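Chemist: So you can see what is in the structure, the chains are spelled out below.
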Amino acid sequence: MSLLALYVRDVRLAWAAGGGGPVGVIFYLAVTAVAPFAVGPDLPLLTRIGPALLWIAVLLALLLGLERLFQADQEDGTLDLLRLGDTPLELVVLMKAAAHWTAAALPLLAATPFAALLLNLDGAAILVTLATFLVGTPALALVGAVGAAVAVSLRRAGVLIAILVLPLSVPVVIFGVSAIEAAGAGRAVGPSLALLGAVTLVAAVVAPLAAAAALRESE
Amino acid sequence: MVSLKVDCLVVERGGRRVIDGLSFAADPGEAVAVTGPNGVGKSTLLRAVAGLTAVVGGCITLSQWPERRQSAMHLVGHREAIKPQHSLLDNLAFWCRFLAAEPPADGVEATVEAALDAVGLVHLADAPAELLSQGQRRRLALARLLVAPRPLWLLDEPTAGLDTASRARLAGLLARHLDGGGLLLAATHEEIGVPTRALALAA
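Protein sequence lines correspond, in order, to chains C and Z.
First residue of the first sequence: 1, per full-length UniProt numbering; consecutive thereafter.
First residue of the second sequence: 1, per full-length UniProt numbering; consecutive thereafter.
None of these hints come from the bench; they were simulated from the model.
Everything numeric in this text was worked out from a predicted model, so none of it was measured.
We put the CB at the ideal spot given by N, CA and C, even for glycine.
Here are some chain Z residues pointing at chain C (derived, C-beta under 10 Å): (1) A50; (2) E80; (3) K83; (4) P84; (5) Q85; (6) C96; (7) R97; (8) L99; (9) A101.
Far from chain C, by Cβ distances over 10 Å, these chain Z residues were calculated: (10) V2; (11) L9; (12) A105; (13) G107; (14) A114; (15) A127; (16) G135; (17) E157; (18) R169; (19) A171; (20) T196.
Far from chain C by the CB rule (all over 10 Å, computed), these chain Z residues: (21) G15; (22) D27; (23) T35; (24) G58; (25) T61; (26) D179; (27) V194.
Just chain C, with the same shape it has in the complex (with noise of 0.2 Å):
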C-alpha cells in the first residue's frame, strides 16, 4: 500500500500546477511540428527519417522532467523519510521511475498519432512506432532515474544528467529504431523488439539498485 501511495503522489504532483507533465508533451509536439520545415517538402525522405526523429523526440522530451525526480524530494526533506519507510529505498526508486513513466512517457505516446501525422507516417508505420515506445521507453525512465539520482544534490544539474543518461540511452533508440525499420522493410519486427524488452528489463534490475546507491551517499 505505501508503494501505491508514493505512485499516486507522485503521478498527482507531476501533473499539479508547476508540475513538468504537461511541458514534456508541448516540447514532443514542437520538436516533431518543426522537423517537417527543417527536412523541406520531400514526403518520401519525411516517411523515411519519421520515426527516428519521434524517437529522438520522445529520448529528449524525457530528459525535460528528470532534474526534479528525486532533487525536488531530497530539497523538502521528504527522501530522509522516505527512506525510513518499511519500503527498500531500492523499490522506492523503482516506483518513482514508474510514476516518471506514466506522468511522463504515456502522455507522449497519446501525442505520437498526431506528431507522426506531421512525419506523413501511415498507420502501420504508427503502430509499429507505438510498440516500440512501449517497450522501450520505460529503460528511458530508468536509466534517467540513475542520472537523476546520481546528480540529485547538484544545483542546475539538468544538462550533466543529459549528459550521464543520453549515453546510456543509444542502446535504446537503436533496437527501437531497427524495429521500425524492419517492419517497414518487411522483415521480422521480433528479434529487434525482443532486444529491447531486454535492454528494459536489465535497467529494471540494475537501475533501482545504481540509483538507490547514490542516494545513500548524496548526503
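Fit chain Z to the known structure of chain C by using the hints.
Modeler: This is chain Z only, laid out in the frame that chain C set:
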C-alpha cells in the same frame, strides 16, 4: 518496550570528526534533550541515529525491535517534507499510508483528521499547504508523528516557530507518547515541556 543504546558513536562530516566516541542510552518512557552550541553536531547525531548519515564507528542498537531500525522512528527536521501543491489532508494521508506498518484501524481519513485536530490545523484540512505560515508548517510536520505509531521520535528543534498555545499542545503530545512507553530524542535550545535528561554535546 523499545530502548535505545548508542555506544562509542563516531560520525564524520566533510572529513571533520563531528561526533567522537559518544555513548548514551534511553529507556522506555524517557526523553533525552540533546543540547549544545550551534554546529556542534546535534542534527548530525539525530541523522546518524536515523541511519541517514554514514557512521564511521560505534554502535546504535534498538533492543526489542525485530524489524529494520528505520521503521521504528519518526524524524521531524528542519525540512518539513511538505508538498505545497497538495492540501494538508493529502500531505498527511500520504505519510500515513507510506509510514504506517499496517493501515490504521479506523481508516486513513479519520486518523489524519484526528492528527490535524491534535495540532490545531483541522480547520485548514483542505487548504493547499503553500498557504501555511512557518509555525503552521512545523505543526503539520509534527502531526506526522501521530499518523503512524512509532516508538522513537527524533525531533530537531521541535519548538522552533511555535506559538505559546502550540508549545503547550506539543508538550501534551510528547507527554502522551512518553506515558505510552515511547522514546524521545530532541535537539533543542529550550524547554520542550516534558522532563528530559540532558545530553550536552561540547565542541
